[in-house]
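Whole structure, please, built from the sequences with the hints as guidance.
Residue numbers (the working numbering), protein chains in the order written: chain A, 1 to 89; chain B, 1 to 187.
None of these hints come from the bench; they were simulated from the model.
Keep in mind that this is a model prediction, so the values were computed, not measured.
Virtual Cβ for every residue (Gly too), placed ideally from N, Cα, C.
Treat the hints with care, since some could be wrong.
Stretches of chain A that chain B covers, calculated by requiring three or more beta carbons in the stretch to come under 8 Å of a beta carbon on chain B [what the hints assert, rightly or not]:
1) 15–22
2) 45–59
3) 63–71
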Amino acid sequence: MISRRYGSVIEIRVDDNACNGCGLCVKDCPMHVYELRESLSVPIHPENCMGCLSCHEICPAQALEHKGIYPSRRHYIDIRVCEMLNRVI
Amino acid sequence: MTDGTIEKMKGAFSTDLVYRSEDVPLTCIPHPEELEDTLHGLMKLNGLIIRSLEEVAGRGANAVTYRAGRKYGHEVAKYFEKIENIEEALKELSDILRGQFTFEIWKPADKTSYIIQENGSTFIYLVFHDCIVRQTLRRNGQAQGGPLCQTLYGYVVGAIEEITGKKAKLEIVHTGPNACLKKLIIQ
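Here is the structure:
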């Protein structure tokens with residue numbers, strides 16, 4: 001399911017097969033972007049999305065995808081852990 | 001530890017460089033790209049200071065960090081042009097904060113203006129994207145919205161007060177892993 005944000009390129013995609021209808025994204029979103037319809041999360045107001053990506057963090061099924069979000073800088077991954085992971089990968 | 005090990009460690013700090021007074025470096029040495037370890041060390045230290053402050057001072061920690069941020073905001077913004085228009089002031093603030101914080105003025109789709117009037121108060125929504133506070137907190141596994149965030153509120157409020165000469169207040173609306181929504185209340 002894709003909802004397009006008017007006037008910009010942001011798209012929110014909810015994977016219907018993965019979404020378990022827990023409603024956590026509905027409760028967490030401060031801008032009420034999502035609504036539960038027939039036990040599935042539907043982005044009814046994607047134009048209000050400010051790209052905090054809290055819904056990504058909270059979704060247990062990892063069913064959400066945002067396209068066109070500004071990715072903020074992330075220096076918070078421990079570089080030692082990264083080095084170790086890179087070695088393993 | 002053997003003498004050999006100590007000598008080896010000391011060797012890393014001995015150079016043949018001759019330093020004269022005029023040689024004091026005016027640029028960042030080493031190159032910022034090589035400072036990742038230093039940055040992570042600072043983030044860790046900052047996180048621990050804030051955690052300890054919370055343990056010792058409890059809710060008083062917020063007042064301390066807010067005050068520190070506010071002083072910093074006044075200090076940084078005092079060299080900038082004084083503007084009364086709040087939107088222009090925010091543009092100037094974004095120049096001041098560049099490199100540490102980036103933010104955009106934001107409004108819900110149903111609002112016609114960025115300056116919103118509701119229940120007798122006037123405010124502007126700000127979405128903070130890049131934020132050193134968020135990076136530090138998440139680096140250390142600490143919750144967002146605590147005393148370290150108060151530093152940022154103080155910083156923004158101090159800078160806005162300095163630029164516009166008006167009293168301001170910043171309220172947290174939502175914190176997220178990629179952006180945070182804040183409300184700048186103009187008094």
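Taking the hints in turn, this is what the structure says about them:
1. Residues of the segment 15–22 of chain A with a Cβ under 8 Å from some Cβ of chain B number 0, which does not satisfy the need for three, so the listed coverage is violated.
2. A stretch counts as covered by a chain when three or more of its residues have a beta carbon under 8 Å from one of that chain; for the segment 45–59 of chain A and chain B the count is 10, and the coverage holds.
3. With 3 residues carrying a beta carbon less than 8 Å from a beta carbon of chain B, the segment 63–71 of chain A meets the three-residue requirement, and the given coverage holds.
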